[in-house]
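Novice: Residue strings, one per chain:
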Amino acid sequence: MQTVQNKDASHEEVHIEQELEFSTFYRLHHWVRVLSIIVLTATGFYLAIPVIAPAQNPEPTNFMYALFRSWHLIFGFVMISMFIGKTYYFLFVKSNRAEVKSIKDIFRLENWAKQIGYYFLVTKHPQLTGAYNVVQFIAYVAFYFISLGLIVTGLILYVHVYHEGMGGVLYDSMRYLEVMLGGLAFVRELHHLLMWGTILFVVVHVYMAIFNAVYGKEGSIDSIISGYKWHRKH
Amino acid sequence: MKPHTEVSFDKLYKDFENRIKDLEKLPRVKEEGSVEQMLTEKGFSRRDFMKWASAITAMLALPSSFTPLMADAIKVVDRLPIIWLHMAECTGCSEALLRSAHPTIDSLIFDYISLEYHETLMAAAGWQAEENIEHAMDKYKGQYILMVEGGIPTGLEGSYLTIGGHGKKGIDIAKEASDNAAAIFAIGTCSAYGGVQAAIPNPTGAVALSDVTNKTVINVPGCPPSEKNIVGTLMYYLLYGSLPALDVYNRPKWAYRLRIHDLCERRGRFDAGEFVESFGDEGAKDGYCLYKVGCKGPYTFNNCSKNKFNEDTSWPVQVGFGCIGCSEPDFWDTMGTVNEPLANKLYNTTFSGLGADATADKIGVAILAATAIGVTAHAVLALVKPPKE
Ligand code: SF4
Ligand code: SF4
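Listed in order, the protein sequences are those of chains V and P.
The first sequence begins at 1 in our numbering and counts up by one.
The second sequence begins at 1001 in our numbering and counts up by one.
Isolated chain V (complex conformation):
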């Protein structure tokens, strides 16, 4: 741990210390997901209503829709691998106990009151033991289940396009889930609605990140790039 001295305008000495907030895996997975979500949303809108018409071509070699679908599937599978990786990381990686500790925080009412008060600009930020504040943690858990829903509905749609290979292996189990969800049309609809859930999550998430960076003054945006965050030393 490094300590840095900083003299601010009032010539009062402030000491800050550096703390590793996000590991390499964590940061990498975060940005891969950012890229995937952008690609998936863009291609997904096209797949729902194909707005772009391919250029005129005398040869039957245009596969515009199939191309969009391919990219959608490729990044869909990237998302699945990230989902599995992140789940493993959360549950089993020893050096990553801070995330798990957040679970304990959510059971204290005081944390909720203070956190919400902080967002309403009336109370102080609560002192927490885990990596995330309670509202943030619940939002992430919700996003986790939105991702899960997108993955499952996505795979159900997938097995009807590619019947061989992995599609063939998953076919029976996915059809079982399809019935549970009420048919393929509804699966398709659910997939679309969950995408909207993701979009809203991203908007609020980015705003909160900026808000915390501006007012927390801990370099929290930088931490998802460099991994390090700064704390005031008491």
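Any given hint could be a false lead.
[As the list claims (entries may be wrong)] As a list, the in silico SDA-like pairs of lysine to any residue whose alpha-carbon atoms are at most 25 Å apart:
| id | chain 1 | residue 1 | chain 2 | residue 2 |
| --- | --- | --- | --- | --- |
| 1 | P | Lys-1385 | V | Ser-220 |
| 2 | P | Lys-1345 | V | Pro-126 |
| 3 | V | Lys-124 | P | Val-1384 |
| 4 | P | Lys-1345 | V | Asp-172 |
| 5 | V | Lys-104 | V | Gly-216 |
| 6 | V | Lys-233 | V | Gly-216 |
| 7 | P | Lys-1215 | V | Val-203 |
| 8 | P | Lys-1362 | V | Ile-146 |
[Stated by the list, open to error] Below, a sample of chain V positions facing chain P; criterion: calculated Cβ distance under 8 Å:
| id | residue |
| --- | --- |
| 9 | Ala-53 |
| 10 | Ile-74 |
| 11 | Tyr-89 |
| 12 | Phe-90 |
| 13 | Ala-98 |
| 14 | Glu-178 |
| 15 | Leu-181 |
| 16 | Ala-185 |
| 17 | Arg-188 |
| 18 | Glu-189 |
| 19 | His-192 |
| 20 | Ile-199 |
| 21 | Ala-209 |
Hints are computed from structural coordinates only; laboratory data are not their basis.
Only a predicted model underlies this, so the values are computations on that prediction, with no experimental measurement involved.
Virtual Cβ for every residue (Gly too), placed ideally from N, Cα, C.
Since the structure of chain V is provided, determine the placement of chain P with the ligands on it from the hints.
Specialist: Same frame as chain V, now just chain P with the ligands:
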């Protein structure tokens, strides 16, 4: 699906032969005439008949060597007593099968087979009709094939549907008839899943036939189902003496295994991204894919794209009109607006006019806008009064 080996086909052939012999021994339910005679009278040649038999053989995924056997099998079809019930329905399934201008061999055979009880077709009425069904159910107990058309209303303890002078409830008739049947076919989307009367808000509490009986029900959905699928299901039962392999919705796999989209002749256009934008445009003339004008083929399991209608003349997508998803459960609710892609499905968010015509995207954008406003307001507020440190 595992391919059959030659050996198993030989065995199957013998099994079928024996089954046909056994059926031949049974008394005919119909006294006069025979299927062949009937078809000749209606102007079909033996050649037409053999063509039909080979088509059915191919449809059931049997090798062409089975064609003569199929022709024999159809001759004993009058040994199988059939009871056809009408529940909450429009009689469209029966009508579609029976009232075509040029009756097909399928429809003639259907007309000919031993319908012991069929409210639309039978001569009897009133008390006599009631007696007929009781008589048939009693006489052929455990032997008859039950075909049910229509959903089963369960609201008000089932009294939305009563039939006959005794005011017997539909649900009770359906249960009783199912209990004593050798095989049960739910013909049409209504009896397979509830159908239009089960659409939200489902005032009569209509349900599928399979919801009121514990026995296996083979669903032959469609609005109406293709005649080939009805007759094919019957022929399958006749030959095998057992129920066909079924998919997740208890539909025979030989007919409902793949989506309309999987076997659609416009699929190449779909993958190419060439779509009809509005009916009658240049794309429509060139046979572009109908996805953007609401084709629900990608969500619908059926064999229309392969078997077509009206003696293989055509089918909806071929004439330039998208599939409406009629063979899927709750298609009235899940498939959204006809002629609009599923993404344009409307939600019930009228809010006295404010939210009319709300698609998922419209609602999403509205929530997004609200979020943006909230976020901006918060940011401005925080500028004026920074959060506590
Ligand atoms: S017309 Fe319908 S079923 Fe055919 S390819 Fe297009 S979307 Fe699929
Ligand atoms: S094309 Fe679609 S809507 Fe038409 S009969 Fe076939 S499944 Fe039903």
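Novice: Hints first: check each against the structure and report whether it holds.
Specialist: Now for the hints, and whether the structure bears them out:
As the CA atoms of P/Lys-1385 and V/Ser-220 are separated by approximately 21 Å, the hinted pair is consistent with the 25 Å bound. The suggested pairing of P/Lys-1345 with V/Pro-126 is violated, with an alpha-carbon distance near 44 Å, which exceeds 25 Å. Of the pairs offered as hints, the one joining V/Lys-124 and P/Val-1384 holds, with about 17 Å between alpha carbons and a cut-off of 25 Å not exceeded. Note on P/Lys-1345 and V/Asp-172: the hinted pairing is violated, with a Cα-Cα distance of about 28 Å set against a maximum of 25 Å.
The straight-line distance between the Cα atoms of V/Lys-104 and V/Gly-216 is roughly 23 Å, inside the 25 Å bound, and the hint therefore holds. Distance hint between V/Lys-233 and V/Gly-216 is fulfilled; the C-alpha atoms sit about 14 Å from each other, no more than 25 Å. Taken as a hint, the P/Lys-1215 and V/Val-203 pair is broken in the structure, with Cα atoms around 52 Å apart against an allowance of 25 Å. Restraint check for P/Lys-1362 and V/Ile-146: satisfied, since their Cα atoms lie roughly 20 Å apart, inside the 25 Å limit.
A cut of 8 Å between beta carbons decides the hint on V/Ala-53: the least distance to chain P is about 7 Å, and the hint holds. About 16 Å separates the beta-carbon of V/Ile-74 from the nearest beta-carbon of chain P, more than 8 Å, and the hint is not met. Evaluation of the V/Tyr-89 hint against chain P yields a violated restraint, the C-beta minimum of about 29 Å exceeding 8 Å. Taking 8 Å as the C-beta contact cut-off toward chain P, the hint placing V/Phe-90 at the interface is violated, the least distance being around 27 Å.
Given the 8 Å rule on beta carbons, the hint for V/Ala-98 is violated: about 22 Å separates it from the nearest Cβ of chain P. Annotation: V/Glu-178 was flagged as interfacial toward chain P, and the flag holds, the nearest CB pair being 7 Å apart, inside 8 Å. The restraint placing V/Leu-181 at the interface with chain P is violated, with a minimum CB-CB distance near 10 Å, outside the 8 Å limit. A distance limit of 8 Å between C-beta atoms decides the matter here; for V/Ala-185 the minimum to chain P is near 4 Å, and the interface restraint holds.
A least Cβ separation of about 6 Å between V/Arg-188 and chain P falls short of the 8 Å threshold, and the interface hint therefore holds. Taken as an interface hint, V/Glu-189 checks out: its beta carbon lies about 6 Å from the nearest beta carbon of chain P, inside 8 Å. At a threshold of 8 Å, the smallest CB-CB gap from V/His-192 to chain P is about 5 Å, leaving the interface hint in force. With 8 Å as the threshold, the beta carbon of V/Ile-199 comes within range of chain P, its nearest partner Cβ sitting at about 7 Å, so the hint holds.
Proximity of V/Ala-209 to chain P is violated relative to the hint, the smallest CB-CB distance being about 12 Å (cut-off 8 Å).
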